[in-house]
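So the sequences go chain by chain: A and B. Here the first sequence stands for residues 1 to 450, numbered as in our numbering. Here the second sequence stands for residues 1001 to 1450, numbered as in our numbering.
These are computed hints drawn from the structure, not numbers from a lab. Keep in mind the model is a prediction, meaning the values are calculated, not measured. A hint or two may mislead.
[As the list claims (entries may be wrong)] When the alpha-carbon atoms are kept at most 20 Å apart in a straight line, the in silico SDA-like pairs for lysine to any residue are as follows: (1) A/359 with A/300; (2) A/300 with B/1081; (3) A/327 with B/1334; (4) A/431 with B/1266; (5) A/300 with B/1182; (6) B/1116 with A/363; (7) A/134 with B/1326; (8) B/1116 with A/357; (9) A/73 with A/193; (10) A/327 with B/1082; (11) A/57 with A/185; (12) B/1287 with A/185; (13) B/1221 with B/1365; (14) A/359 with B/1082; (15) A/359 with A/431; (16) A/327 with B/1116; (17) B/1328 with B/1250; (18) A/35 with B/1058; (19) A/35 with B/1368; (20) A/414 with A/430; (21) A/300 with B/1345; (22) B/1328 with A/193; (23) A/295 with B/1365; (24) B/1413 with B/1252; (25) A/359 with A/401; (26) A/35 with B/1149; (27) B/1287 with A/127; (28) B/1287 with A/74; (29) A/414 with A/300; (30) A/269 with A/103; (31) A/134 with B/1327; (32) A/431 with B/1149.
[To be verified] Partner residues aside, some chain A positions facing chain B, computed with beta carbon under 7 Å: (33) 130; (34) 136; (35) 141; (36) 295; (37) 439.
[To be verified] Stretch by stretch, here's where chain B covers chain A in the computed footprint (C-beta under 8 Å, at least three residues): (38) 30 to 43; (39) 47 to 57; (40) 85 to 92.
Yeah, the Cβ is synthetic: ideal placement off N, Cα and C, and Gly gets one too.
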Amino acid sequence: MMWLFAALLAISNPQEARMKTTLENGVQVYVAQKKGLPITQVYLVVMAGSIYDPSGKEGLANLTTALLDEGTKHRTEEEIALEIEKIGGRIYLNTGAYYTSMSLTVLSPYTDIGLDVIADMLQNSIFPEERVEKERDRVLSGIKDQLSDPNSVLDREFIKAVYAGHPLGHPENGYLNTVESITREDIVQFYQTYYRPERTYLVFVSDLEPEEALKKVKKYFGTWTVEGSGPGDVKIPDPQPIQGFHVKVFHMPVNQVFVAFGHLGPLRKNPDYNKIRLMNYILGGGGFASRMMQKVRVEKGFAYGVSTGFRPGVFLPGYFRSTTETKVESAHEAIPLMFEVIREMQEEGPTDQELSDAKSYYEGSIPRMTETYSQYARALLEEMLYGLPQNFWLKDVEEIKTLTREDVIEASRKYIDLNNLVMVLVADTSKFDLKKLKFPHADISIEIPY
Amino acid sequence: MMFTLWMVAMTGVTMTYNLPIVTKTLENGLQVVVVEDHANPLVSVQIWYRVGSRNEHEGITGISHILEHMMFKGTEKYGPEEYSKIIQRMGGTDNAFTAEDMTAYFSEVPSSQLEKVFELEADRMANVVFREFEEEKNVVIEERRWRTENSPWGMFFEEMAAVAIQAHPYRNPVIGWRSDLEKITLEDVRHYYETYYSPQNAILIVAGDVQPEQVFALAEKYFGSIPNHDQPPEVRTQEPKQMGERRFTLRKEGFTTIWGVAYHSPRYTDPDFPALQILNAILTAGKSSRLYRRLVSETGLASGVSGWVERSIDPYLWYIVVSVQPGKSIDSVEQIVLEEIEKIQSSNPPTEEELQRAINNAVAAFVYQQQSVIGKAMMVGTFAILDRPEAVNEFIPRLQQVTVEDLVRVAQKYLTEENRTVGRLLPIPPKDMAAFIQQMQEAQQKEFRR
Chain A
1 MMWLFAALLA
11 ISNPQEARMK
21 TTLENGVQVY
31 VAQKKGLPIT
41 QVYLVVMAGS
51 IYDPSGKEGL
61 ANLTTALLDE
71 GTKHRTEEEI
81 ALEIEKIGGR
91 IYLNTGAYYT
101 SMSLTVLSPY
111 TDIGLDVIAD
121 MLQNSIFPEE
131 RVEKERDRVL
141 SGIKDQLSDP
151 NSVLDREFIK
161 AVYAGHPLGH
171 PENGYLNTVE
181 SITREDIVQF
191 YQTYYRPERT
201 YLVFVSDLEP
211 EEALKKVKKY
221 FGTWTVEGSG
231 PGDVKIPDPQ
241 PIQGFHVKVF
251 HMPVNQVFVA
261 FGHLGPLRKN
271 PDYNKIRLMN
281 YILGGGGFAS
291 RMMQKVRVEK
301 GFAYGVSTGF
311 RPGVFLPGYF
321 RSTTETKVES
331 AHEAIPLMFE
341 VIREMQEEGP
351 TDQELSDAKS
361 YYEGSIPRMT
371 ETYSQYARAL
381 LEEMLYGLPQ
391 NFWLKDVEEI
401 KTLTREDVIE
411 ASRKYIDLNN
421 LVMVLVADTS
431 KFDLKKLKFP
441 HADISIEIPY
Chain B
1001 MMFTLWMVAM
1011 TGVTMTYNLP
1021 IVTKTLENGL
1031 QVVVVEDHAN
1041 PLVSVQIWYR
1051 VGSRNEHEGI
1061 TGISHILEHM
1071 MFKGTEKYGP
1081 EEYSKIIQRM
1091 GGTDNAFTAE
1101 DMTAYFSEVP
1111 SSQLEKVFEL
1121 EADRMANVVF
1131 REFEEEKNVV
1141 IEERRWRTEN
1151 SPWGMFFEEM
1161 AAVAIQAHPY
1171 RNPVIGWRSD
1181 LEKITLEDVR
1191 HYYETYYSPQ
1201 NAILIVAGDV
1211 QPEQVFALAE
1221 KYFGSIPNHD
1231 QPPEVRTQEP
1241 KQMGERRFTL
1251 RKEGFTTIWG
1261 VAYHSPRYTD
1271 PDFPALQILN
1281 AILTAGKSSR
1291 LYRRLVSETG
1301 LASGVSGWVE
1311 RSIDPYLWYI
1321 VVSVQPGKSI
1331 DSVEQIVLEE
1341 IEKIQSSNPP
1351 TEEELQRAIN
1361 NAVAAFVYQQ
1371 QSVIGKAMMV
1381 GTFAILDRPE
1391 AVNEFIPRLQ
1401 QVTVEDLVRV
1411 AQKYLTEENR
1421 TVGRLLPIPP
1431 KDMAAFIQQM
1441 QEAQQKEFRR
């Protein structure tokens, strides 16, 4: 009847115990207790993202990740699915540019079963030939679905344009021809090279006592060893900043113009990180509290969604992007208006009211940042990956409270450059008249996404 | 006040979990529901109105959703979008959604701000001023373009409901038909607001770090004096029994290929509902489900399968949809789904193990959703609309009473040929557009380079 008491009392203790350690084999572990519900949330991150894809094999990291639940030395893919699903567990696999991640959610009495399965997937995947072909087909099918959806085409093409030719610039799931060219040997080699204890981070948040949690983590991940020396410190050059104003148009038979524009952006560890966050909230990141939403949606009715955002880089530059979608007839007004909103921020900065509202937002949002098991685990992962101070989210807010109007203006001028950028448009080029956009010095190209 | 406990036996673990619900109805009919949760200093305040596309008719389809947008346009006391700005200033978040049976407004804020949110919510229940109507209608039309007209899946589901249902308003899309959206007047919206937005037609749900008595006192203070309008009209139309299979085909540029089937299913409170929900899970939920095994893992015909039985006030639909791999046989997909349905009805009925797995998954999902106060209040709101707030704690026990015999019986009763609508979305391959695009490309290039 233990769980009954947990449910009724809903014990609250914001300073619940945490432990950070490195296992002997090099796996970095962060264990934290969060009481209230019988849930275990694990994030397992391996530095094996799509930037490590060899040229011509784009999509290799993603295909490797997608095969992790398709068979191990001890379990068939069906056994993996059954074992997790009979306890109501959830496993999600995801490939990012820098790292690949496994998310495990289980009711905490089943923590051992969940850990046993993901440890097996991580350490003993065998990539059966037949599963490779099935999963390749699924990935190809996924890419084709993306090429049929204007939002996905916009995302794929924006990344390509902003990182032109750089390893960060290909979609994580690759291209049709490169995914076709990947062999099982490529996958096995990638797995052996990059899936290594010293490249692995594990965050564990649960109602279990941290000592008990750590014991479990050691049991399932502590004996993991791999042969060889791994890739070492892989040197990837910085992407080239964009010079000039480039417009790329992709023809699709859609009745809106989908637009994204931007350029390279700062790292997560940039000392101006909080200035940029505060500025972006006021400019276009803060929903209805932002100027973009106010001017483009509320006042003009041009769009349903409109925003600005910075995707911080892990160890290479991230990017700035502003985006919306609007009917063909209003595109030539909506897009220049977005530029105008940015220019106004750079020239005049925020009002006192905007500044104090934004600060007040960050201060009040503190308890929401770690409310759920997954939010808390993600915050701890961020702390571990970037070497941030403990409870960095509280320190960030302390810093945000001291920032001034000048800081915001400076951030908007330093980190947004309206003269050197790429703009990607997805539109029906038989209806959308590009000339109306009046970008006199733009270098424009028209392509099809297929 | 009602407090039930339920227990689930899963591989030796006993777990007891339910939401502590306390309810009170004010004199004007407003139902107030409180779910205490002191894990974090947060509270979610939600107002659920018993109105949605179910209450609409031709000419005003989409009006519930337009009204939802207009509810953010302020009152005599507050300006447009000021509601969201105030919530964000608190560090909170807010939004709203419209569905077939309900329109819900929700926020999550620090619990110290409870009273202010009550004041705002009560104010807009009674005193909305409909500003910026034309602009907002344009926003909604953009939303329709984005969600439905430019999305293969959006188009598919709109068509499916319209073909499968002939009389009941569930046949109309929640977002509304385009021509209705263009013609709905401010007068229509005002009338609709007066008809459906009053205390007797609403449920106020508060989940989080609060005391029930405090909530009831504040509810009395802010909502107690809001008068009711006339009782809203009942939905009269009932869907007649389907007498034979219906079929449709859609064509859309791109690669995306969809096969789907919809069966008429009973309302949420029907005794057959829990068995249908479990049957759906056995067929479509997770990688261990029967259809995933056949269509994705074994044959590789599809890249994904999903299914759900709509939880609704009136009888609605059970969907099974398949994302067919481009180029693979859609006829084979159909054959396999129908084969598996036939098996579950006779030659290979569900096993005890499959039944238990489906229940375990529902239990786990029930616990996972309790991680946030927004999630808890959403759960209560859904059941309050469909049945009674307390029904949230009866959901798992209802599933637990289902037997294998029930599953076979409902499979035979509902999964019949004359009760189904089969739909296909077939791609128009991009190669057919190549020549056209080539011309466009050249024409546009010339104009720009001159």
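Okay, the hints, checked on the actual structure:
no.	hint	result
1	A/359 with A/300	violated (27 Å)
2	A/300 with B/1081	holds (14 Å)
3	A/327 with B/1334	violated (37 Å)
4	A/431 with B/1266	violated (45 Å)
5	A/300 with B/1182	holds (16 Å)
6	B/1116 with A/363	holds (17 Å)
7	A/134 with B/1326	holds (14 Å)
8	B/1116 with A/357	holds (16 Å)
9	A/73 with A/193	holds (18 Å)
10	A/327 with B/1082	violated (27 Å)
11	A/57 with A/185	holds (12 Å)
12	B/1287 with A/185	violated (26 Å)
13	B/1221 with B/1365	violated (36 Å)
14	A/359 with B/1082	holds (17 Å)
15	A/359 with A/431	violated (44 Å)
16	A/327 with B/1116	violated (38 Å)
17	B/1328 with B/1250	holds (17 Å)
18	A/35 with B/1058	violated (51 Å)
19	A/35 with B/1368	holds (14 Å)
20	A/414 with A/430	violated (38 Å)
21	A/300 with B/1345	violated (55 Å)
22	B/1328 with A/193	violated (35 Å)
23	A/295 with B/1365	violated (40 Å)
24	B/1413 with B/1252	violated (34 Å)
25	A/359 with A/401	holds (6 Å)
26	A/35 with B/1149	violated (45 Å)
27	B/1287 with A/127	holds (17 Å)
28	B/1287 with A/74	holds (18 Å)
29	A/414 with A/300	violated (29 Å)
30	A/269 with A/103	violated (24 Å)
31	A/134 with B/1327	holds (14 Å)
32	A/431 with B/1149	holds (16 Å)
33	130	violated (9 Å)
34	136	violated (10 Å)
35	141	holds (4 Å)
36	295	violated (12 Å)
37	439	violated (10 Å)
38	30 to 43	holds (count 5)
39	47 to 57	violated (count 0)
40	85 to 92	holds (count 6)
Consistency note: the structure conflicts with the earlier hints numbered 1, 3, 4, 10, 12, 13, 15, 16, 18, 20, 21, 22, 23, 24, 26, 29, 30, 33, 34, 36, 37 and 39.
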